[in-house]
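Trainee: Here is how the chains run, residue by residue.
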Amino acid sequence: MNKTLLIISREYLTRIKKKSFIIMTILGPLLMAALIVVPLYIVHKSEKETHVLVVDDNDYFLNKFTDTKKVFFSYLSGDINDLKKKCISGEYDAVLHILGGIQSNRSNLYYHKEPSLSLRGTIEEQMNKIIFDKSLIDSFNIAPPLFATLKERSQTHIVALQIDEHGNEQKSFTEINRIIGIVAGFLIYFFIFMFASQVLRSVLEEKTNRIVEVLIASVRPIQLMLGKIIGVALVGLTQFALWIVLTIGILGAIQLSTPDFFQLGETTEFVSNIDNQAQLTPADNSIALQKTNILNEINNFYSFSFSTFIIAFFFFFLMGYLLYSTLFAAVGSAVDNETDSQQFLMPVTIPLLLTIILIMPMAEDPNGALAWWFSMIPLTSPIAMLIRIPSGVPLWELLTSMGLLVLFFFFCAWIAAKIYRTGILMYGQKITYRDLFKWIKY
Amino acid sequence: MHQNVIREKEKKRRKIVELIRINNIYKSFSNHQALEDVSFSISKGVILGLLGPNGAGKTTLIRILNQIIFPDSGEILFNNKPLHRKHIEDIGYLPEERGLYKKMKVGEQAIYLARLKGLSEHEAIQRLKYWFKKFEIESWWNRKVEELSKGMQQKVQFIVTVIHQPGLLIFDEPFSGFDPINTEILKQEILTLKENGATIILSTHNMASVEEICDEIVLLNRSKKILEGKLVDIKQHFKKHLFSIEFAGTSSDFLNSLPENYKILSQQENYNSISLTVQITPPSQPNDLLNFFIPNTQILSFQEVLPSMNEIFIETVTS
Chain A
0 MNKTLLIISR EYLTRIKKKS FIIMTILGPL LMAALIVVPL YIVHKSEKET HVLVVDDNDY
60 FLNKFTDTKK VFFSYLSGDI NDLKKKCISG EYDAVLHILG GIQSNRSNLY YHKEPSLSLR
120 GTIEEQMNKI IFDKSLIDSF NIAPPLFATL KERSQTHIVA LQIDEHGNEQ KSFTEINRII
180 GIVAGFLIYF FIFMFASQVL RSVLEEKTNR IVEVLIASVR PIQLMLGKII GVALVGLTQF
240 ALWIVLTIGI LGAIQLSTPD FFQLGETTEF VSNIDNQAQL TPADNSIALQ KTNILNEINN
300 FYSFSFSTFI IAFFFFFLMG YLLYSTLFAA VGSAVDNETD SQQFLMPVTI PLLLTIILIM
360 PMAEDPNGAL AWWFSMIPLT SPIAMLIRIP SGVPLWELLT SMGLLVLFFF FCAWIAAKIY
420 RTGILMYGQK ITYRDLFKWI KY
Chain B
0 MHQNVIREKE KKRRKIVELI RINNIYKSFS NHQALEDVSF SISKGVILGL LGPNGAGKTT
60 LIRILNQIIF PDSGEILFNN KPLHRKHIED IGYLPEERGL YKKMKVGEQA IYLARLKGLS
120 EHEAIQRLKY WFKKFEIESW WNRKVEELSK GMQQKVQFIV TVIHQPGLLI FDEPFSGFDP
180 INTEILKQEI LTLKENGATI ILSTHNMASV EEICDEIVLL NRSKKILEGK LVDIKQHFKK
240 HLFSIEFAGT SSDFLNSLPE NYKILSQQEN YNSISLTVQI TPPSQPNDLL NFFIPNTQIL
300 SFQEVLPSMN EIFIETVTS
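First to last, the protein sequences are chains A and B.
Letter 203 of the first sequence, counting from 1, is numbered 202 in numbering that gives the first Met the number 0, and no numbers are missing.
Letter 307 of the second sequence, counting from 1, is numbered 306 in numbering that gives the first Met the number 0, and no numbers are missing.
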């Protein structure tokens with residue numbers, strides 16, 4: 000068996016057997032599932048139907064309220080002191096007492112158990128509309144049927160359309176693009192830091208354990224370094240795969256146990272919204288036709304190719320990790336303990352930190368000079384390019400950025416290997432930048 | 000002509016038994032010369048003591064032999080062929096700075112290190128079982144290294160150094176961290192390895208063990224080789240013509256008539272005998288000294304005192 004493979008398998012196996020790996024692997028999907036499930040659960044909880052009894056002393060609001068998905072209105076007239084007891088018996092969740100009729104600017108809402116937060120808002124909004132419409136009709140003497148027609152005509156939708164270099168139109172969701180870019184950027188940043196630090200600690204461990212000289216009497220230093228970097232990369236990919244599978248598993252289990260859980264009012268509304276828009280722009284009615292194909296649906300939902308994004312995400316994660324882990328390995332080999340590593344890590348991590356600090360301005364203007372340059376410079380491109388991709392990046396820019404990253408990685412790996420092979424044999428010395436340059440030249 | 004042929008034959012004969020030939024090695028680091036024109040050879044089946052004060056270049060030379068670093072100039076022949084990557088599997092190296100993965104299990108780790116030396120997993124387990132039994136540490140197979148005492152860790156390190164049965168073994172300070180009992184066990188193991196045909200380089204500051212087990216010596220000082228040869232030859236070369244004599248009785252008056260070319264360096268009176276250390280100035284011979292004593296007293300013991308390696312070391316390094 001090839002010795003590099005032997006090193007890779009040791010690095011891989013000892014890591015995935017660690018308690019911390021197992022805990023992370025279980026906690027990750029639970030956290031992710033919780034991030035999806037908890038908000039839905041809260042929505043579900045607040046989605047409980049609310050029955051409101053409207054008591055209008057002047058009967059003006061009789062049958063004027065519109066039922067929503069959650070709130071249902073009933074009307075009764077009588078003594079409010081008797082009727083308001085109906086919310087104690089549970090017959091109604093709340094009793095709305097409108098005191099002053101159409102001129103009223105004050106009403107009372109009686110309840111026994113606290114209703115959802117949005118209920119008061121819903122009622123206020125509806126009442127305001129009713130009063131405002133009434134005032135309009137009265138002031139301008141508009142016939143009610145005409146008023147209804149006018150109202151319907153004045154409903155408007157805004158459809159954002161992005162035009163690419165070939166003149167094709169695509170619906171664009173700038174906000175979503177921005178959020179996806181930012182989330183992807185943060186994820187890459189987090190993973191690069193997490194796994195590159197593991198490489199640093201591992202190099203340092205072998206050095207402080209004094210096992211490194213035993214090892215490099217058997218294998219070349221570069222084999223040891225690469226074996227470690229590849230082993231940790233495989234651990235990262237395994238963790239990703241497990242996270243994805245387990246998250247889908249958990250969500251699938253929830254779906255099976257409560258089939259309606261993901262059938263959300265808002266989501267359906269959103270999808271039907273897209274359908275409406277598709278009908279509004281006949282040039283692009285593919286959405287409705289291809290609804291059966293999930294990937295296509297996702298692709299069409301986002302204004303960019305989802306598969307390109309996924310491929311780019313893995314590419315930039317992997318290359319970004321490789322680039323930083325070689326530099327981290329070099330730093331780990333040059334120092335004697337983790338505290339000393341800080342001074343050499345600083346210049347290495349500054350590009351990464353800078354990109355994260357500037358993530359908002361870049362997301363605001365994904366095609367501006369700042370984002371453009373950062374997405375080309377190898378040390379920052381793994382994050383910056385991911386921010387830009389959802390807003391559309393010309394293929395040549397993407398390929399150039401990828402190419403530069405790969406070239407720069409080889410350059411850094413060459414330098415790191417030179418520092419590494421000397422550094423691992425240096426014990427108990429305070430290493431300066433001058434020493435590092437000597438090792439590179441040497 | 001005839002002599003030339005003999006010389007060639009002699010050369011060939013010597014070459015066959017030579018395992019390592021080091022020719023004019025130079026190595027410098029950024030701020031100092033670590034090795035300067037170092038040449039010597041190591042014959043098969045001997046234990047060579049590589050000695051020298053701290054910073055003399057021993058570890059640099061050992062690392063060059065292990066191809067961890069490379070010389071600036073000069074060449075090294077292994078079995079008459081230039082030292083090559085493939086020779087790594089025929090070398091076992093116990094570095095001075097050595098350790099193990101603390102969190103890994105002993106057996107698992109030993110298998111890993113043995114496989115890095117080119118053994119198959121099956122072979123590694125077989126041989127490790129044998130060695131673990133020999134050192135009586137079988138019960139530690141499934142324990143983590145951090146639970147082991149330092150001496151036990153050293154045993155494990157020794158085992159993984161020799162497990163692939165290399166032709167050349169390099170031990171850098173092998174006895175550090177061992178108690179006297181284990182030091183003795185280790186010495187015996189090293190001698191057994193030699194009997195089984197291994198060539199051994201022993202780098203240590205423990206001069207007593209050098210005298211006990213080394214056949215040959217190479218002494219480095221300030222990056223240069225300053226002494227080389229068989230241990231017995233070196234001792235002869237550095238001898239001070241000292242002899243110790245013990246004779247019966249408590250009277251030493253006759254010593255007043257000792258001729259001038261014998262100098263008494265020390266005198267010790269025992270219960271009913273006297274011990275002396277006498278230096279003889281050549282061309283006087285030990286027999287002449289005995290001839291002086293025999294008529295005067297009863298000799299209990301007479302022995303030449305050869306310099307210890309410790310003395311030779313200090314003398315050559317400080318001169």
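What the hints contain is simulated information worked out from the structure, not anything from laboratory work.
Ideal Cβ placement from N, Cα and C applies to all residues, glycine included.
Do not take every clue at face value.
Below are the DSS-like pairs computed for lysine-lysine, each with C-alpha atoms no more than 30 Å apart in a straight line [unchecked claim]:
1. Lys101(B) with Lys417(A)
2. Lys47(A) with Lys63(A)
3. Lys429(A) with Lys85(B)
4. Lys80(B) with Lys102(B)
5. Lys16(A) with Lys143(B)
6. Lys2(A) with Lys229(B)
7. Lys80(B) with Lys229(B)
8. Lys68(A) with Lys186(B)
9. Lys149(B) with Lys102(B)
10. Lys186(B) with Lys16(A)
11. Lys43(B) with Lys101(B)
12. Lys132(B) with Lys16(A)
13. Lys102(B) with Lys2(A)
14. Lys128(B) with Lys101(B)
15. Lys17(A) with Lys229(B)
16. Lys429(A) with Lys101(B)
17. Lys84(A) with Lys47(A)
18. Lys440(A) with Lys85(B)
19. Lys186(B) with Lys417(A)
20. Lys223(B) with Lys2(A)
21. Lys429(A) with Lys102(B)
22. Lys16(A) with Lys229(B)
23. Lys104(B) with Lys43(B)
24. Lys80(B) with Lys262(B)
Covered by chain A, per the in silico footprint, the following chain B stretches (three or more residues, Cβ under 8 Å) [claimed, not checked]:
25. 97–110
26. 214–226
27. 267–280
Listed next, with one range per pair, are the computed distances between beta-carbon atoms [unchecked claim]:
28. Gly54(B) with Leu369(A): 49 to 55 Å
29. Gln341(A) with Glu35(B): 50 to 56 Å
30. Glu35(B) with Lys16(A): 45 to 51 Å
31. Gln341(A) with Asn79(B): 32 to 38 Å
32. Arg84(B) with Leu317(A): 42 to 48 Å
Trainee: If a hint holds in the structure, say so; if it does not, say that too.
Mentor: The hints, checked one at a time:
| no. | hint | verdict |
| --- | --- | --- |
| 1 | Lys101(B) with Lys417(A) | holds (27 Å) |
| 2 | Lys47(A) with Lys63(A) | holds (22 Å) |
| 3 | Lys429(A) with Lys85(B) | violated (35 Å) |
| 4 | Lys80(B) with Lys102(B) | violated (40 Å) |
| 5 | Lys16(A) with Lys143(B) | holds (14 Å) |
| 6 | Lys2(A) with Lys229(B) | violated (39 Å) |
| 7 | Lys80(B) with Lys229(B) | holds (25 Å) |
| 8 | Lys68(A) with Lys186(B) | violated (88 Å) |
| 9 | Lys149(B) with Lys102(B) | holds (15 Å) |
| 10 | Lys186(B) with Lys16(A) | violated (39 Å) |
| 11 | Lys43(B) with Lys101(B) | violated (36 Å) |
| 12 | Lys132(B) with Lys16(A) | holds (28 Å) |
| 13 | Lys102(B) with Lys2(A) | holds (21 Å) |
| 14 | Lys128(B) with Lys101(B) | holds (21 Å) |
| 15 | Lys17(A) with Lys229(B) | violated (53 Å) |
| 16 | Lys429(A) with Lys101(B) | holds (25 Å) |
| 17 | Lys84(A) with Lys47(A) | holds (21 Å) |
| 18 | Lys440(A) with Lys85(B) | holds (27 Å) |
| 19 | Lys186(B) with Lys417(A) | violated (38 Å) |
| 20 | Lys223(B) with Lys2(A) | violated (36 Å) |
| 21 | Lys429(A) with Lys102(B) | holds (27 Å) |
| 22 | Lys16(A) with Lys229(B) | violated (53 Å) |
| 23 | Lys104(B) with Lys43(B) | violated (36 Å) |
| 24 | Lys80(B) with Lys262(B) | violated (53 Å) |
| 25 | 97–110 | holds (count 7) |
| 26 | 214–226 | violated (count 0) |
| 27 | 267–280 | violated (count 0) |
| 28 | Gly54(B) with Leu369(A): 49 to 55 Å | holds (53 Å) |
| 29 | Gln341(A) with Glu35(B): 50 to 56 Å | violated (39 Å) |
| 30 | Glu35(B) with Lys16(A): 45 to 51 Å | holds (49 Å) |
| 31 | Gln341(A) with Asn79(B): 32 to 38 Å | violated (51 Å) |
| 32 | Arg84(B) with Leu317(A): 42 to 48 Å | violated (30 Å) |
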